[in-house]
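Participant: Chain H is already provided as a structure; the job is to place chains L and G on it using the hints.
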Amino acid sequence: MTWWSRNTSSQSRRDLALRWVARASSVLSAAVILLIFLFLLQEAAPALANIGISRFFTDTSWHPLSAQFNLVPMLMGTVLTTLGAVVIATPLGLAAAIYCVYFAPRGLATWYRRLIELMAGIPSVVFGLWGLVKLAPFIGQLGGSGQNLLTAMIVLSLMILPTVMLTTCSSMAAVPPELLRGGAALGLNRWSVVRRIVLPAARGGIGVGILLATARAVGETMAVLMVAGNVVEIPTSLLDPVRTLTANIALEMGYATTAHRSILFASGLLLMGLVACVALVAEVRKRSPHEL
Amino acid sequence: MNSETRNDRLSLSFSRRFGPELATVLTGIPALVVAGMFGWILADILYHGLTQFSWAFLTSAPEDAGRQGGISTILVSTLMILGITLIIVVPVSLATAVELAERRSRSVRFDRLVRRSLDVLAACPSIVFGLFGNAFFCVYLKMGYSILAGGLTLACMVLPLLIRTSEQAIRAVPDEYRHAAASLGLSRWTTLFRIVLPAALPAMAAGLVLSIGRALSETAALIFTSGYVTRSPESLFDSGRAMSVHIYDLAMNVPGGNPRAYATAATLLIVLLVINGIAVRLTRIAGLTLNPSLEKNH
Amino acid sequence: MIQVESLSVFYGERVAVQNATLIAPSGTITAIVGPSGCGKSSFLAALNRMTDLIPGARTEGTVRIHGQNTYGDDISPALLRRSIGMIFQKANPFPLSIRQNLQLALREHGVRQRPELESRTEAALRDVGLWDEVKDRLDQPALRLSGGQQQRLCIARAIILEPRVLLMDEPCSALDPIASAHVESLIQSFKGRYTILIVTHNLAQARRLADHLAVFWYEGEAGRIIEQGNATELFDNPQHPTVAAYLAGQRG
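Protein chains in written order, with our numbering: chain H, 6 to 297; chain L, 1116 to 1413; chain G, 66 to 317.
It should be emphasised that the hints constitute simulated quantities derived from the structure, not laboratory data.
Please note that the accuracy of each hint is not assured.
Coverage of chain L stretches by chain H, computed from C-beta distances (three or more under 8 Å per stretch; other residues unrestricted) [claimed, not checked]:
hint	stretch
1	1142-1151
2	1227-1235
3	1299-1310
4	1335-1342
Every beta carbon over 12 Å from chain L, so not counted as near; a handful from chain G, in silico [as the list claims (entries may be wrong)]:
hint	residue
5	Glu-70
6	Ala-287
7	Asn-295
8	His-305
Going by beta-carbon spacing under 8 Å, a handful of chain G positions derived as facing chain L [what the hints assert, rightly or not]:
hint	residue
9	Asn-113
10	Met-115
11	Arg-146
12	Met-151
13	Lys-155
14	Glu-173
Just so you know, even glycine gets a beta-carbon here, dropped at the ideal spot from N, CA and C.
Chain H with its partners taken away, still in its complex shape (with noise of 0.2 Å):
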């Protein structure tokens, strides 16, 4: 034939040799999350068909050696310390990240920014021991220990303070300049710029960073943890001590056996769902205005 007929040489067969390599690398990638939710599925199918959801919610209390499974303290001990981390971190996190693009100095915003990734890469283990050591005694001067809803809600919201800032940057950076340059040719100030048409123009984004950040309290186990008290108990008030789905498991699975261990599984099996739910319409409405 002539020379340049299909051929098998060495480079083809490495090629073919690539391609399934890569193929079989990323269907591995994709089956990990499978697998988890397979084997907490597993691990929680007892707890789910011999106890039942509803005693999750009927039970009179929360001890799971004498069978009695509540779990309603737990959800809200979550849902408390998130919604309270939320409230705290986005007004702040706005405020800032508008500083930091549109009135800091150029200098001071690049520090700042610097800053705010760093914090971003700093563990929750060492944000709890901050918290434990030197954030809980000064709330303590409240009144009670220290370690109470309170401390949990501030940390926590220092904690998910970066994933707001930085994705508030991130998609106040991508409003077009010609946006910018039309609203200073009208006359508009730097505020009026930013009230009148940064803000509105990149609305998606920054619901999608409180989102995220959102789904990062709800799975947040190390630093609340550490500064939330962990009695299993509806708060009454910012200074109860609470407990969340996360530090109930972090701090019973080390003994926990049959039924009880089946029900920590549950309660993960939960976070994840609405952890997932979370970041999945995160990302679809992320990615919706690019894939038009």
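Facilitator: Only chains L and G this time, still in chain H's reference frame:
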């Protein structure tokens, strides 16, 4: 209509006069608060940690449940766990990133499925990884509480981060190179290993460094997989305590453990600071390596 | 010789090129001219099957290069592209040394002997007039060369594989006038050695270089060849009114 215009003009002139200064203050104060809190945390950990810090702290084993002595065995365990994680996660991530970034026409649906799965994986709380690692690696695969189980659990956790950064790095390589390679009839293998990956290397390294930071920061996923034995592990099947677990245990379960907890936290923090610095530097190098005259023409 | 018969190129639903037929005899230069977006580059890319790399792209019709159907079942696109050099609008040397840029494809092609690699490298660089400029710095990054030098290096990288056909997609349009003139005279010197298809926006350049001219136009939702023929005759006496206006500088 008329009054609306006037209203508009009024609010405009109002914000022109008071806007910028007021806005600077109104956004500047929260920014200051945030920076202040973060500064407090960093300064607190570093100050109280470094006053406890000494060379002996790094080279001696913990004593009296960690209240005395150092963290040498903890460092060994941490490095072994990290080693397992990287050995597993680097090749898998690289190959997956190549699949996602270098696909040609076929199977868009497959790629989307992989991507969505990785998104969910990335969002999973670390305690869920802990549960999974315990059930799968420790119990089902009978590894028990071990370095191996901890490392593999962390590998699952870091996977989406490393895939995403590697994919972005590969995508950032200008298509011009791929076109030139194709027009010369170079195989995919040669194109990838001689041209695309070398060009993407600095950015991929930045992603790898960030992934290492993420792995070192993790606690919740390790408590029930690699465990909390403070002895130096003799094999991959021994339990070993990572630095972050050590901090947690000293602060929560050991009365009088705070000073050593601080010292360990400061050590971890300094490692992470260095890692962060390296990542920033690598990202800058990545920007320079890809010839700026070869931007993508979109 | 290149024989293209009713070639169409589709990107999804969009028709980039419709029913293009063209014959380029061996050793001649065929210039492809026309306004932007009329399918010239797509036409060129379809000839060495670079369109295979674009997701959603599809071609119809036949392309014969030296009698061989390039879309035949037994054709390896990689081997096909090795025998057809392609030069792009933007110079795209690899981020490697000058030497590696030239030798990477040769090695892949099975040339392993050092003396042969070196002699072919020198010959290719001499052919593009780059040898004297770079012979002392072959191991330096190719990206440090000037724009014109980079483009000539890309041409050297293509001809080192000894193709019979060169496809050039506006090779001079990103260069300054002096570098452009340099590359143009290089192309001129290739006449007779290679069968060259060159896309250009520069009508004066087409007139200077081409033996044969094909005018593309966007018409009826697709790019097509509206007139072609001997370059001198077509420039002097175009039949199609649009082509006449275009060549006179009144349209396009």
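Participant: Work down the list of hints and note, for each, if the structure agrees.
Facilitator: Hint check results:
1. For the stretch 1142-1151 of chain L, the proposed coverage by chain H is satisfied: 8 residues have a C-beta within less than 8 Å of a C-beta in that chain, meeting the threshold of three.
2. Taking a C-beta to C-beta cut-off of 8 Å, the stretch 1227-1235 of chain L contributes 7 residues in contact with chain H, enough for the three needed, and the coverage statement holds.
3. Residues of the stretch 1299-1310 of chain L lying with their CB closer than 8 Å to a CB of chain H number 5, which satisfies the three-residue condition for coverage.
4. A count of 3 residues in the stretch 1335-1342 of chain L with a Cβ less than 8 Å from any Cβ of chain H is obtained; the coverage claim is therefore met, three being the minimum.
5. Every beta carbon of chain L lies more than 12 Å from that of G/Glu-70, the smallest distance being close to 23 Å; the non-interface claim holds.
6. The claim that G/Ala-287 lies off the interface holds: its Cβ sits roughly 22 Å from the closest Cβ of chain L, which is beyond the 12 Å cut-off.
7. Distance check for G/Asn-295 against chain L: the nearest CB is about 29 Å away, which clears 12 Å, and the non-interface claim stands.
8. Its beta-carbon lying about 31 Å from the closest one in chain L, G/His-305 satisfies the requirement of being farther than 12 Å from that chain.
9. A distance limit of 8 Å between C-beta atoms decides the matter here; for G/Asn-113 the minimum to chain L is near 7 Å, and the interface restraint holds.
10. Hint status for G/Met-115 relative to chain L: holds, with the closest Cβ pair at about 6 Å, below 8 Å.
11. Interface hint at G/Arg-146: satisfied, since its Cβ lies 4 Å from the closest Cβ of chain L, which is below the 8 Å cut-off.
12. At about 4 Å, the closest approach between the beta carbon of G/Met-151 and any beta carbon in chain L falls short of 8 Å, and the interface hint on this residue holds.
13. Satisfaction of the interface hint for G/Lys-155 is found here, the shortest Cβ-Cβ separation to chain L being roughly 6 Å, below the 8 Å cut-off.
14. Contact between G/Glu-173 and chain L, as hinted, is supported at the beta carbon level, the nearest pair being about 5 Å apart and thus within 8 Å.
The structure fails none of the hints (numbered hints given earlier).
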